[in-house]
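Those protein sequence lines, which keep their order, are chains V and W. Just add 288 to wherever you are in the first sequence, counting from 1, and you've got the working numbering. Just add 8 to wherever you are in the second sequence, counting from 1, and you've got the working numbering.
All clues stand as given, with none of them false.
The following residues of chain W were derived to be distant from chain V, with all beta-carbon distances above 12 Å:
| # | residue |
| --- | --- |
| 1 | A28 |
| 2 | F88 |
| 3 | F127 |
| 4 | G172 |
| 5 | V193 |
Covered by chain W, per the in silico footprint, the following chain V stretches (three or more residues, Cβ under 8 Å):
| # | stretch |
| --- | --- |
| 6 | 436-447 |
| 7 | 480-494 |
What follows is a set of in silico ranges between Cβ atoms, one per label pair, in the way DEER data are often shown:
| # | chain 1 | residue 1 | chain 2 | residue 2 | range |
| --- | --- | --- | --- | --- | --- |
| 8 | V | L482 | W | R144 | 36 to 42 Å |
| 9 | W | V49 | V | D539 | 58 to 64 Å |
| 10 | W | L156 | V | H466 | 30 to 36 Å |
| 11 | W | Y188 | V | H466 | 34 to 40 Å |
| 12 | V | S388 | W | T73 | 50 to 56 Å |
| 13 | V | G336 | W | I78 | 36 to 42 Å |
| 14 | V | A313 | W | L44 | 43 to 49 Å |
| 15 | W | R144 | V | G302 | 38 to 44 Å |
| 16 | W | S161 | V | S456 | 50 to 56 Å |
| 17 | V | H364 | W | Y188 | 42 to 48 Å |
Honestly, the hints are just simulated from the structure, not real lab data. Quick caveat: nothing in here was measured; it's all calculated off a predicted structure. Cβ coordinates follow ideal geometry from the N, Cα and C atoms, glycine included.
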Amino acid sequence: MATLRDSLGDFVDGVDGLFLFSPSAAYYERFADADVPRVVVADENDVGAESFVELPLEFDNVRDRLRFGVEGAMEHGFVAAGDTVACVISVFEGGGDADSLVRVRVDEAMRSGIYDLFTDSRAEPGVIRDVFEVAIDLGKKGQKGKPVGALFVVGDAGKVMNKSRPLSYNPFEKSHVHVGDPIVNVMLKEFSRLDGAFIVSDSGKIVSAYRYLEPSAEGVDIPKGLGARHMAGGAITRDTNAIAIVLSESDGMVRAFKGGTLILEIDPEGY
Amino acid sequence: MQRGTIREVLATVPLRFWLAFGTLVVGVALGWLTRLLARRVLRRIGVPDAIEGTAFERTAREFGTSTVDILAAIAGYFVFGIAVFAAVAVAEIQYVAQFWNAVAGFLPQLFFAVIVLIFGVLLGDKVELVVSERFRGLKLPQVGVLPLMAKYSVFYLAVLIALGQVGVATGALIVLLAAYVFAIVFLGGLACRHLLSAGAVGAYLLLNQPYTIGDEIRVGDVRGIVQEMDLFVTHVEADGEEYVVPNSKVFTEGFVRVRS
Chain V
289 MATLRDSLGD FVDGVDGLFL FSPSAAYYER FADADVPRVV VADENDVGAE
339 SFVELPLEFD NVRDRLRFGV EGAMEHGFVA AGDTVACVIS VFEGGGDADS
389 LVRVRVDEAM RSGIYDLFTD SRAEPGVIRD VFEVAIDLGK KGQKGKPVGA
439 LFVVGDAGKV MNKSRPLSYN PFEKSHVHVG DPIVNVMLKE FSRLDGAFIV
489 SDSGKIVSAY RYLEPSAEGV DIPKGLGARH MAGGAITRDT NAIAIVLSES
539 DGMVRAFKGG TLILEIDPEG Y
Chain W
9 MQRGTIREVL ATVPLRFWLA FGTLVVGVAL GWLTRLLARR VLRRIGVPDA
59 IEGTAFERTA REFGTSTVDI LAAIAGYFVF GIAVFAAVAV AEIQYVAQFW
109 NAVAGFLPQL FFAVIVLIFG VLLGDKVELV VSERFRGLKL PQVGVLPLMA
159 KYSVFYLAVL IALGQVGVAT GALIVLLAAY VFAIVFLGGL ACRHLLSAGA
209 VGAYLLLNQP YTIGDEIRVG DVRGIVQEMD LFVTHVEADG EEYVVPNSKV
259 FTEGFVRVRS
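Based on the sequences and whatever the hints tell you, model everything.
So, in structure tokens, the structure goes:
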């Protein structure tokens with residue numbers, strides 16, 4: 289007679305790794321005797337794990353979080369294509385430790401570039417995270433209660449500047465404002481009323497606002513239905529090594545482009 | 009009969025002793041008040057928060073007291089000490105007065121020396137905490153020396169001031185201090201001179217921005233697009249190669265803005 293425990297045991301049969309997403313120290317220790325390597329995916333390695341993947345954003349979408357963890361582990365060489373791993377992850381908020389077990393087969397097709405977007409772009413990971421946070425914040429609150437759109441082009445600023453032209457005077461000229469500075473959210477909120485793109489350098493300095501991007505839009509593969517802002521953002525990432533983070537005015541989503549393709553889609557309401 | 013004895017006793021003791029006794033009692037009261045007042049003032053100006061976590065405070069806590077209490081007690085005893093001298097003076101005890109006069113001159117200095125010492129130890133601990141906090145992000149074990157050096161430098165200064173206060177000859181120690189400061193300033197300046205000159209130029213470049221991110225410039229034989237500029241260096245990129253040019257070089261060699 290098979291009990292529930294026996295039947296569900298299949299889930300962890302023959303796995304090559306155990307992924308723990310944001311575990312507490314006590315929870316991590318519970319698996320100390322497990323016969324498979326443990327990989328911790330969290331924003332900080334406070335359990336002192338040997339295999340650790342840093343999570344820059346607490347992705348609300350569980351799939352994104354899983355993808356990020358698995359891709360990060362592949363990049364670090366903790367797992368290889370063909371392995372099967374068990375992921376212990378929390379789907380719902382506030383439940384303390386993880387509430388779900390997901391069995392994932394690692395293969396190259398899984399690579400969506402979400403890990404690559406953060407760690408292997410020209411700009412520093414912290415800068416990309418800060419821009420995401422600004423965009424999410426802007427998407428959540430809007431400007432004076434109305435939804436706003438915004439386009440941030442991050443990294444490779446010199447080249448981007450040469451592939452764009454000013455629409456008007458640059459409010460950030462001779463200023464030394466970095467994304468992540470405390471006042472920046474308010475400032476960007478005001479400037480988001482202006483049309484055009486914000487350009488952010490590799491180290492996070494806001495180089496310019498009000499830029500009209502002039503990339504060649506050939507071979508850009510973005511979903512139909514997205515507007516000119518997304519098209520411009522996607523196209524500039526094909527022409528340069530920058531990434532584009534776009535806040536849509538119509539549906540309020542934050543999307544990230546790299547190399548001309550849509551990599552990540554985040555709903556600000558989830559944060 | 010009984011009443012008579014008390015009056016006799018009162019009469020035999022000279023008035024000045026009674027005055028001295030009164031002074032002493034007032035001194036005790038004042039000392040106590042000073043102690044309470046000092047404790048409240050120190051708390052109010054946020055001393056406990058400022059010295060949180062320093063070694064001195066921890067040691068004090070181990071003995072069931074706190075830095076604020078110790079400082080307040082010292083202030084109280086100081087006032088009490090003054091009262092004792094006043095009492096001796098009022099009582100006009102000749103042979104004692106001669107001895108005490110010498111002590112009276114010395115005691116305030118000792119008092120200030122102790123205060124300076126405690127302050128120095130606290131400051132040193134605090135400096136160590138702040139410096140190590142500053143370097144915490146840097147994962148380099150050798151960096152642990154820097155906070156310790158800062159701490160002992162402050163200790164050394166405090167000891168020097170305290171010794172100077174009580175009149176110990178500190179000439180040799182001052183020479184040592186001078187040598188130490190000279191070493192830091194001179195050798196430090198020598199070691200950092202490139203950074204200093206690059207930083208000075210960088211300040212000008214950042215304030216005036218003769219070129220900015222996106223401009224094409226040529227510095228020496230490097231030509232490319234400015235990708236990044238900070239206080240010390242300018243990143244110039246050309247054909248996938250990113251040159252990191254020290255800002256001082258931008259000034260000594262001059263730069264060309266390419267407009268085409």
